[in-house]
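2 protein chains.
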Amino acid sequence: MAPLRESSGDPVLPDPPQGPLHVARARASFPWKELALFWEGEDTLRFKKAIFSALENDPLFAHPRGSRLSVEKYQELNFLRCKRVFEYDFLPVGDMLDSLPRVLALIECLGMYDWSLAVKFFLHVLEFIIHSPDFEAAKFWVGNMGKTATHAVVFAQLYTPGGQCHGLHPFLVQIRDPKTLLPMPGVMVGDIGKKLGQNGLDNGFAMFHKVRIPRQDLLNRSGDVTPEGAYVTHVKDVGQRFSESLGSLSSGRVAIVGMSVVNLKLAVSIALRFSATRRQFGPTDKEEVPVLQYPMQQWRLLPYLAAAYALDHFFKSLFLDLGELQQGLLGKDRSVRQAELGREIHALSSAGKPLASWTAQRGIQECREACGGHGYLAMNRLGDLRDDNDPNCTYEGDNSVLLQQTSRYLLGLLARRGPGGARIESPLKTVDFLDGYADILGRRFEGSSPEDLLDSSVPLAAYEWLVCYLLRESHQKLSREKRSGKSDFEAINDCQVYHCRPLALAFLELTVVRRFHEHTHQPRVPPPLRAVLRRLSALYALWSLSQHTALLYRGGYFSGERAGKVLESAILALCAQLKDDAVALVDVIAPPDFILDSPIGRADGELYKNLWTAVLQENKVLERASWWAEFAVNKPVIGSLKPKL
Amino acid sequence: MAPLRESSGDPVLPDPPQGPLHVARARASFPWKELALFWEGEDTLRFKKAIFSALENDPLFAHPRGSRLSVEKYQELNFLRCKRVFEYDFLPVGDMLDSLPRVLALIECLGMYDWSLAVKFFLHVLEFIIHSPDFEAAKFWVGNMGKTATHAVVFAQLYTPGGQCHGLHPFLVQIRDPKTLLPMPGVMVGDIGKKLGQNGLDNGFAMFHKVRIPRQDLLNRSGDVTPEGAYVTHVKDVGQRFSESLGSLSSGRVAIVGMSVVNLKLAVSIALRFSATRRQFGPTDKEEVPVLQYPMQQWRLLPYLAAAYALDHFFKSLFLDLGELQQGLLGKDRSVRQAELGREIHALSSAGKPLASWTAQRGIQECREACGGHGYLAMNRLGDLRDDNDPNCTYEGDNSVLLQQTSRYLLGLLARRGPGGARIESPLKTVDFLDGYADILGRRFEGSSPEDLLDSSVPLAAYEWLVCYLLRESHQKLSREKRSGKSDFEAINDCQVYHCRPLALAFLELTVVRRFHEHTHQPRVPPPLRAVLRRLSALYALWSLSQHTALLYRGGYFSGERAGKVLESAILALCAQLKDDAVALVDVIAPPDFILDSPIGRADGELYKNLWTAVLQENKVLERASWWAEFAVNKPVIGSLKPKL
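Protein chains in written order, with our numbering: chain A, 1 to 645; chain B, 1 to 645.
Some hints here could point you the wrong way.
As the list claims (entries may be wrong) - One side of the interface only, derived from the structure: several residues of chain B facing chain A at Cβ under 10 Å:
1) Glu-76
2) Val-189
3) Pro-283
4) Thr-284
5) Gln-361
6) Phe-631
7) Val-633
8) Asn-634
9) Val-637
Note that these hints are calculated values from the structure, not bench results. Where a beta carbon is used, it is the ideal one built from N, C-alpha and C, also for glycine.
Using the sequences and the accompanying hints, generate a full structural model.
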């Protein structure tokens, strides 16, 4: 493959620097640049290179960032960096709807640098406000509101003269004077304080005391008030208004899937490069082996590498699906298909956000632990990744609560079908398999050796059975609870833990597995990449499925000791097959060293050199503490303050 | 029960303040003060009260603490607080070995306030150095070394004249001048930089360049050098020297079990008080219910409450076992029993640390998520708890690696027994059940309704089967791997993931379950406490066991759909039975509000009042940022820096 070059003549994908990781790279079974090209496409690779280079060459983006700064300094730098990104104008706002892959790449590049920056930037681009629950009477958590926002969109009950209430409507409210940044009369606005992560972003609260809002500042997409005080709406029924809002809810959740995937990619990149260079113990006292040679270390990390690939593909495909939905909304498409698409994407994003954010949360934690004490040093970035990923589990809907949206969608499909009812199908075909519900429930696992499981078609079939089983169990349980006299509210709540919750997650895992399976088995996959991609697909599928082994046995899909054992053996076999490809697979997804910003994750693998350099560059490493004299002068008088015990 | 009073007349257990949590407390099935007395004992309650009061009344301990301070300020405050704790002299060092329950209470009280303080204090008390892997040539991670230590114990190869090497020996090395805190000649000593947590503690590194150490600074407990340069040792063989060091390794690991339990107690206290007051959704639009009323929220949190009690009891009992071991070491007990006790405690602490630190890690994360956005605010402390708990998974041996010590111990017992061999028994009787290995493997689960599982004797029996099954599987797998021609090193590594690792964890879970079961079923449990304690015991046991359902089915202990379903139903039934006791159970283990330091976890349950007060007390909440003019004056010129894409 001829090297891709930028117009400057620089290669778009430069060779990694020489160093100890060279040995690990030489063992890879495939050419990593070819995978990068297949995975990203040429335009995206060039675009990402341009963004990364601009940041690296601009002193404003020089380190430090994240938790090693004071909150005030961090917010200032983040604000200045955000302004600078506008000056770079990598992708004009007007072009975004027509360049979805570049939007994806821009989110990813800025997020890989720092989520505080990416979120602040996109909040500006979209005039978009993070929806958060009320903090009783006040608005709380609003992004950019803590220190900088001058206007806010506030949802309030709209009353027209005569006292009639038309429900929640959005209003544009000025909260600060843009010249002085002082609050407007009647507005109390402030910063909510330090959070676990993303502290470059100023989240704020606001309280309003009889603030007057001009009529024209009602944001009138779905309803308006005439100068005479009458209410008019072009949306016929509340249901349709609700359905429109589903689309915008999905956008936030799909974005969070992407944020989670980026965090997971960064974490596995750091941990796998570390594991390929860090040596510990060995067959003899003299010889220490890289920790990635241990099956335990492989099993801890490689499934998360596979998950990063599988979820990355899922995110990109869901983002394109969402683009289709948004095009329909803009074009005022009122077709049945458009409504069905909205429901399907709502179901996918409502379980996709939990699955992706939890996988990232657990993956980052595993990476942190797999790097031992080095992972606990702030400079190696795994702490910031964990902290910045954490809100993904909570905002835009708590994960556990959100999963109910997906199980409700699936139960609704089953109910609509009924005996002899309509086919089950959906625009994106994620639920079409449910049409074979009864047949699928009759399936049994037939593999008898680990080799039978080395392709993702086997776990795919098992997942179809699992989703049908959980759907039947959930449906029966819900009916029982209702028949026993419980209210709908109570009955649904009593079905969540062991029924609806695993149903929603298993359905989403199936969807991710199916899409990754199809992507890795399509004819246009270049032959040198087929084996490694199929291994990733099988590993992610089997590893995910192995969380459900108890249900596979309980429902009779598995029987006998052998089934469970071959599943385990297949996972370990895939880990062993992939271990020599791990560093090259990381080269495909890791950003340049400057962006990755982790001494133990640098591409050359000069672990100790990089660590020492970074340690000695920290603040006041060798200096005495400013309070040293306190230590040397005033010795404690032991017991001088002893209380009566 | 007459109220306990201090000599001042104040009650040792004051009533909780009035507030919204009063309703939840009134529903409890048992008197919480009686449980506090049973759980802690009167002397410990008084002792803890005295420590907590001293800290609360001393302005030096006023907030803030933890991640809301700069590292430099935090280290200074932590150092001053540590000095002050010496002045309080709550428990003279010389009394510690005779007052183990008070040592426990002191660790817990200081740790509940702040682990940075507790660790700094105990590092001083024990002249104890955290052992950490070499950072190639340097010592790295040493607690207190970053800014303050003047002397360090360094392990180095001891060579005597003639070049003979006697292995690793400890030396006392002066690293800083105590008057100036400047480094000694030839010593480079510094701070390793910011960590994810415990930043009040100054961890350091040191490198030595031809530093001379006087002969008398060889710490000569096991070996010495005469003035003429000859090596003498009173320890006969390397094996015994190794066995002595096991005892000191166990101390660190047992302490970490306790640290993890404290973190878990604090986290569940915060999350459960929040959940009993935070209302969301409800059967009608008008009526919102506390989130603890939802079975999902109960299932997310109550098993961790049960785990906090079960592991707390395990920790205390293991600490007393360790005390017995240390007494033997001090008394130079060379009996077989003493050696066996050392091995057993080594096995228990090597899996106890992983089990406790991981349970705390997952529990804190669940609590963080269960509190939604409020859990993500730094002031509510769940972030600091997670960060301060995190090193527990890593130091004193990485959890995953450490588990090998326990599985090796169990496999060794099986091998020693052989066909017709000696009884399997141990000083603490944790492995005596293995003597019935073959019979136990023949057992089958017999419960058929959830009621059959509401006592922890049922999961206890299941755990015995599970450990025997995993022991047999591990033994067979290891033999197979060795027969296939693999080296011992390779064979053992290939048995970890699905064999030795779950074996070690299941054995420890069984031990925790057994000790908690016995503690809650003993005749001296006051009758009003029996029901609630037995429910906690059953919930912890069943919930832990439910992670292994796949193995119970695979190995034939469970069969049919019903077994798995009754296990799930029993867990949910216990959660429902315990939900009204949750707040009172928290009152028993939570420290006073000042120590807990979490607005959403305060004992009165005035959620929003407490939050608003705390938010408005934060730094510069309503002030403009110092850099406000940058925002108002220099608008970005969009695209002015646009790179060529």
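Okay, the hints, checked on the actual structure:
1. Glu-76: Interface hint status for Glu-76 (chain B): holds (4 Å vs cutoff 10 Å).
2. Val-189: It holds, given that the least Cβ distance between Val-189 (chain B) and chain A is near 8 Å, below 10 Å.
3. Pro-283: Status holds, d = 4 Å.
4. Thr-284: 8 Å, holds
5. Gln-361: Because about 7 Å separates Gln-361 (chain B) from the closest Cβ in chain A, which is inside the 10 Å limit, the hint holds.
6. Phe-631: With a minimum Cβ separation of about 6 Å from chain A (threshold 10 Å), the hint on Phe-631 (chain B) holds.
7. Val-633: 9 Å, holds
8. Asn-634: 7 Å, holds
9. Val-637: Holds: closest Cβ of chain A sits about 6 Å from Val-637 (chain B), inside 10 Å.
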